[in-house]
Every structure is written in structure tokens, then in C-alpha cells.
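**Student:** The sequence shown begins at 1 in my numbering and counts up by one.
Worth double-checking, as some hints may not be accurate.
Claimed, not checked - What follows is a list of derived Cβ distance ranges for each label pair:
| id | residue 1 | residue 2 | range |
| --- | --- | --- | --- |
| 1 | 159 | 207 | 17 to 27 Å |
| 2 | 116 | 214 | 21 to 31 Å |
| 3 | 97 | 53 | 37 to 47 Å |
| 4 | 207 | 83 | 26 to 36 Å |
| 5 | 46 | 155 | 28 to 38 Å |
Hints were generated in silico from the structure; no laboratory data involved. For glycine and all other residues, C-beta sits at the position ideal for the given N, C-alpha and C.
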Amino acid sequence: ATEVAAALGRGSAGEATTTAEVGSLVGGACAARDRQALVATSRALAAAKRACDALQATGQMRYAAETPLRCFERLLAEARPQGDMIDRFAAAAGVSRDDFAGLLHMWEVLRLDPLHKKQQGHLCLRSGFVLALARARCSSATSTQLAAWHSLLQRRGPRVSGKAVAAIDSIAPRERSAFIAQLHVFCRLRGAAPVLDEPDALREYLAHAGIGDL
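Could you put the whole structure together from the sequences, leaning on the hints where they help?
**Tutor:** Rendered as C-alpha cells:
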């Protein structure tokens, strides 16, 4: 724990990160403080892995130690999702494509789907800890943006049936989970919580919401 804490406390703007190219949360190049946060988190994650190996930690202990750091790193470093449906959902929700993709990225990285939380039980990622890392380490603009996105994604959302999505031929099997995630984000942006447990109900909702035919 001491090594992890020390790693989080180090990092300077001149150091190169060991992760992929840093993504931008708040326009333009990622702020120097955000780069420092990413470097420090990469070091802390490596330290956590070494500590878990040395302790021969159980899977649950390793999950608790590594997952928040890994998710925080992914929020800053990974490229945002792309695709035609993201453009359509963003336009219908009245937000920019970048904002919708950012919300979707957070939804997927932090595993905010209520079904996932129910399945994982006590092993469910506590997203509040990830946001606390952002408040402590990131620029004010980035931490504020992440907090605003997280607050929006905590709204009540739709009840989506996988069978209803599977019944729509234009959504390929490999695209279904991504489509459901996009639908969750879209409904929360609209402040809507529809019951979409039948194919006709899903089609009707999307048509009335401005998505159009699938």
C-alpha cells in the first residue's frame, strides 16, 4: 500500500507515460496535470500488481486493489467509442458526438449497467473511488467533467430486454451489447426510463425519440 501511495504521489510533466497516447477529456491537448495523473496511476498499478504477487493475493484482493486504478487509467488514456449509431444517438439527444462518446466510454469502463452490478455483487467496482482519484489527481476541468458525466449516468434509465434487441435483424449479434450501452446513455440524457422489453416497443421508442428506423 505504501508503494502504491508513493507511486500516486510522483510524476512530472516532462515524463513520458507508458500507456497509449493520452486522450483528451476537455478539448485540446490533455492538461499537464492530467498527464501527470496518468503517469502516476500507471506506476501505482504496477506497484499494486507487484504487491499482490508478493502477497499471493486472492482474486478478490487483486480485483479490489487493481481495478479502480486500471479503470481510472482507461478513462484518461483510451480512445472513445466510434460508430454510426453514436452519431445518431448524439444528434437525437441534442449533445455533441464527443460528449456522447465520453459518456458511453465512462458507462462501459466503470461498468455502470445495473445488470452488471447485480451480477457482480460485492465485487462490483465502486465508481466513487475512481472519481475520488480524479478529484485528487486530475485538472479541475477534467475532474469536473467526469463528475458531471457520472452524475448524469446515475439517473434512472430504461429496462432493456436483450431478446428485444436480438429480434431486430439490423443489429448484428456482435453489436448488441454496444447498442444496449448506447441506449442506456441515450435514455439517461433524455431523462427517460421506458420499458423496452418487446421489439415493437423498442422500435416505437426509437422512432419517436428521433433515431429513426433500424
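**Student:** Each hint needs a verdict: does it hold in this structure or not?
**Tutor:** Now for the hints, and whether the structure bears them out:
Hint check: residue 159 to residue 207, Cβ distance near 19 Å, so the stated range 17 to 27 Å holds. At roughly 24 Å, the beta-carbon separation of residue 116 and residue 214 lies within the given 21 to 31 Å, and the hint holds. Taken as a hint, the range 37 to 47 Å holds for the pair residue 97 and residue 53, whose Cβ atoms sit roughly 41 Å apart. Taking the beta carbon of each, residue 207 and residue 83 are about 20 Å apart, not inside 26 to 36 Å as hinted.
The given range of 28 to 38 Å is respected by residue 46 and residue 155, whose C-beta atoms sit roughly 36 Å from each other.
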